[in-house]
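Number of protein chains: 2
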Amino acid sequence: MGLIVQKYGGSSLADKERILNVARRIVETKRDGNKVIAIVSAMGKTTDKLIQMAREISEVPPKREMDRLLSTGEQISMSLLAMAIQAMGEKAISLSGPQAGIMTDAYHSKARIKNVAADRLKKELEEDNIIIVAGFQGENADYDITTLGRGGSDTSAVAIAAAVDADLCEIFTDVDGVYSCDPRIVPKAKKLKVVSYDEMLELAILGAKVLQHRSVELAKTHKVAVHVRSSFNHNLGTVVKEDTSMEHNGIITGIAHDFNVAKVVVFGVPDKPGIAARIFGEISKLDINIQMIVQSAQTENMNDIAFTCSIEEAKEAQDALEKVVKEIGARSVVITDNLAKVSIVGAGMMTHTNIASRMFSALAGAGVNIDMISTSEITISVIVESDKCQDAVQALAKEFDLLENK
Amino acid sequence: MGLIVQKYGGSSLADKERILNVARRIVETKRDGNKVIAIVSAMGKTTDKLIQMAREISEVPPKREMDRLLSTGEQISMSLLAMAIQAMGEKAISLSGPQAGIMTDAYHSKARIKNVAADRLKKELEEDNIIIVAGFQGENADYDITTLGRGGSDTSAVAIAAAVDADLCEIFTDVDGVYSCDPRIVPKAKKLKVVSYDEMLELAILGAKVLQHRSVELAKTHKVAVHVRSSFNHNLGTVVKEDTSMEHNGIITGIAHDFNVAKVVVFGVPDKPGIAARIFGEISKLDINIQMIVQSAQTENMNDIAFTCSIEEAKEAQDALEKVVKEIGARSVVITDNLAKVSIVGAGMMTHTNIASRMFSALAGAGVNIDMISTSEITISVIVESDKCQDAVQALAKEFDLLENK
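Going line by line, the protein sequences match chains A and B. If you number the first sequence the way full-length UniProt numbering does, the last residue is 406 and the count never jumps. If you number the second sequence the way full-length UniProt numbering does, the last residue is 406 and the count never jumps.
Be careful, since some hints might not be right.
If several chains are the same, the list does not tell them apart, and a pair holds so long as it fits within one copy or across any two.
Claimed, not checked - Cross-link-like lysine-lysine pairs, in silico, DSSO-like; alpha carbons within 30 Å at most:
no., residue 1, residue 2
1, K193, K220
2, K91, K63
3, K30, K63
4, K193, K30
Bear in mind the hints are in silico, worked out from the structure with no lab data behind them. Since we're looking at a predicted model, the values are computed, not measured.
Sequences are here, hints too, so could you generate the full structure?
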C-alpha cells in the first residue's frame with residue numbers, strides 16, 4: 001500500500017519481550033502490504049548507563065568521544081530488532097545513522113541534520129528489506145559519528161520520512177498520544193486527535209516530552225504528517241499535521257509544564273547601553289538556550305536582569321557571569337531553581353484577546369503566584385514555584401475546557 | 001623515539017580501574033617520546049553478554065547483524081579509553097575499525113583483512129594524537145561492519161603495525177608472555193623469551209590461547225616483531241620474531257593442548273574412488289576447519305574414515321553427513337567428544353629424528369593412550385582422552401626439558 005516510517009522509543013525496546021513485540025508490529029505492517037523503515041532508540045536506560053560509565057572515567061567527557069560511546073546504544077537495539085524480524089521470516093537489515101545517509105553538521109552532542117543521502121535506503125527498499133535504522137545519530141564531514149541530542153531519534157525518523165517521501169511517519173512511544181496536559185498531573189487530561197505543527201512545536205519546546213521539538217520543526221518544513229501513538233496497543237494516537245482552522249479543538253489546545261527551569265538574576269546592573277549585550281554575549285558563547293528575559297527598572301540607574309534556562313545550564317551561566325559582574329560593576333548573580341514553567345498553547349489565541357487575563361485569573365483563583373511572564377503568538381508562559389505547578393496546570397485545564405467529558 | 005602499536009585485551013579493560021591503568025600505561029609510552037596507536041578489545045565479558053542477548057532473540061542470529069551487534073563492544077571501550085587519556089592531559093582520538101581503514105572481505109563473523117587504508121591513522125598521528133582503535137572489526141566493500149573472529153583484535157593490531165610501519169607491536173594480555181606449556185596445568189612451565197613465527201603459529205593453531213594464529217601469520221608475512229606481555233606489570237614478556245637458529249631454546253619449544261576437539265567417524269565406507277572427496281566436499285561447504293584425518297582399512301573393502309574438528313563444528317558435520325552416509329552406502333556417523341589434543345612444537349624437530357618415539361614413550365610411561373596422531377614439519381599432535389590431558393602435558397614437559405629450573 002505505502003511506504004511507512006516508524007520510530008520506536010527506548011521504553012518500547014527495553015527488553016527481549018518488548019523487542020519481539022516491536023518486531024511483530026513491524027512484520028504486521030509489512031504483511032499489510034507496506035514497505036517499512038523503522039528508526040530505533042537505545043534499549044531502556046542504556047544511554048543513561050553509558051553516560052554514567054563515561055562520567056566515572058572523566059569528569060567532563062569530551063563530546064566527540066561521548067557521541068561515539070552513546071551511538072553504540074542504538075546500534076545494539078537495531079541489530080537485535082533486525083535479528084528478531086528475520087527470525088519471524090521477513091527480510092530485514094539494520095543500518096547505522098551514517099549508513100542510512102544521515103549527514104550532520106559538526107556540533108557533537110547536538111548535531112543538526114544537513115541532509116539525508118538516501119541511496120542506501122532506497123537500494124534496500126528495492127530489495128524488499130525491512131530497514132532498521134539507528135536513531136539519534138549521523139555522521140559529520142570528517143566521517144565521525146555525531147548525535148542529535150536527547151530525543152533525536154524523533155528527528156531521525158522525520159528526516160528519513162521526508163527523504164524517502166514516506167506516506168506516513170508513525171512515532172511509537174509509551175503513551176497513547178499527545179494530551180491536552182500531562183495525565184500524570186491531570187488524570188482527566190484529554191487526548192488530542194489532531195494538533196497543528198505550530199502548536200505541537202510550542203508544546204514540545206515548552207516541556208511536553210512526547211516529541212523532540214526539532215522533529216516537529218522538520219515535519220513542518222517538509223510537510224510530513226506524524227502519527228504519535230502507543231507501541232503497547234493499537235489505539236489511534238494523535239496526528240500532527242498542517243493547521244486547518246476548522247480543526248481547532250478550542251482556543252487553547254494544550255498545557256505544557258517543565259520543572260527543569262532555573263532563574264538567573266544579575267542584581268544591580270548599571271543602566272548603560274551595551275551592558276545587556278555584554279551579559280548575553282557571554283551566555284551565548286556557552287550555547288545556552290535562554291528561555292525568558294526580564295529587565296526590571298530599579299532605583300539609581302540600576303537594573304536587575306533576570307533570565308531563565310535549564311537547571312544544568314544555569315550553573316554554567318553563573319560561573320561565566322561572575323567575571324562579567326565584576327567587569328561591569330554589577331552586584332551579584334543568583335540562581336533560583338525551585339521553579340516550574342507552565343504554558344498554555346493554542347492557535348486560537350491569535351483571534352481571542354482575553355486569554356491572558358483569563359489565565360492570570362484562573363491562577364490567582366488557585367492561589368498560584370506568578371514570578372515571570374512571557375508570550376508569543378500562540379503561547380503564554382508563566383514561571384511559578386515548583387510546588388504550585390500541579391495546581392496551576394489543573395486550574396488552567398479546567399478554565400480552558402481541556403478535560404475529558406466523562 | 002618511535003611509533004608503537006599496542007593491543008589491550010578485554011580482561012585488561014574489564015572495569016573503570018583497569019581502563020585507567022591502561023590509559024596510564026599508554027600515556028607513559030607517549031611521554032617517553034613515542035607515537036602510540038592502541039588497539040582495544042571489548043570490556044571484560046561484554047562480547048559474551050551481547051551474544052547471549054542475540055541468542056535470546058534469535059536461535060540462529062544472522063551473521064551480518066551479529067557483526068553489527070558485537071562491533072559495539074570495542075566501540076564502547078575505545079571511547080572510554082580515549083576519554084580517560086584526555087582526562088590525563090594527552091590528546092587522544094578513538095577510531096572504529098572502518099574509520100581506521102581496516103578493509104575486509106565479505107565473510108561476516110570471520111572476515112579477513114584485505115587492506116589497511118591508513119590515511120586517517122597517518123593524519124591523526126601527524127596531529128600528535130594518541131589513536132585508540134576498535135579491534136576485531138573492519139568494513140567490507142558494501143560499507144558494512146565485519147568482525148574478524150574471536151581474538152581478532154590481535155590481528156587488527158598486527159595489520160595496523162604493518163600498515164603504519166610501526167617500530168614495535170606490543171600485545172598486552174593478562175599473562176606474562178608465552179609459556180612452554182599452560183602454567184595452569186604445569187605450574188613450573190617456563191616463560192619463553194623468544195619464539196619464532198612458525199613455532200608461535202603452530203602453538204596458536206594447536207590451542208595456545210595467547211595470540212590469534214592469524215595475527216601470527218600476518219606478523220610473519222610483514223615481519224612485524226610482536227612483544228606479548230602483561231598489562232598488570234612491567235615484566236618483559238615473549239618476543240615473537242623471525243627464526244634465527246642460534247636462538248633455539250631446545251629441540252621442543254612448547255606444548256599446546258586443546259579440549260575443544262571432537263572426533264567424527266564415518267563407519268563402513270565402501271572403498272571406492274571419489275568417496276573421500278564426496279565426504280570432505282560436503283564438510284568443506286560448511287566451512288568447517290578439519291584438523292586430522294585418519295582412514296583405516298577394514299575388512300570387505302570397507303574403511304572407517306575419522307577426522308577431528310571443534311566440538312561445535314562436529315554436530316554440524318554430523319548433520320550434513322547423515323545424508324551422504326545413505327547416498328554412499330556407509331554405515332553410520334558417530335561423534336566422540338571427551339577428547340583432548342596434545343601437541344609438541346619445535347623448529348628443532350626438523351634436525352632430530354627420534355622426537356616422535358621419545359614423545360610416544362613418555363606418554364606410555366604416564367599411562368596415556370593415544371587415539372590419533374598427526375605430524376607436520378615442526379609439530380606432532382596426538383588425540384588422547386580428555387582426563388589424561390594434564391598427565392600427558394606434564395610428562396612431555398618433563399621429557400623435553402620445558403620446566404623452570406628452580
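Against the structure, the hints:
no.	hint	verdict
1	K193 to K220	within (17 Å within a copy, 68 Å between copies)
2	K91 to K63	between (36 Å within a copy, 14 Å between copies)
3	K30 to K63	between (38 Å within a copy, 23 Å between copies)
4	K193 to K30	within (25 Å within a copy, 61 Å between copies)
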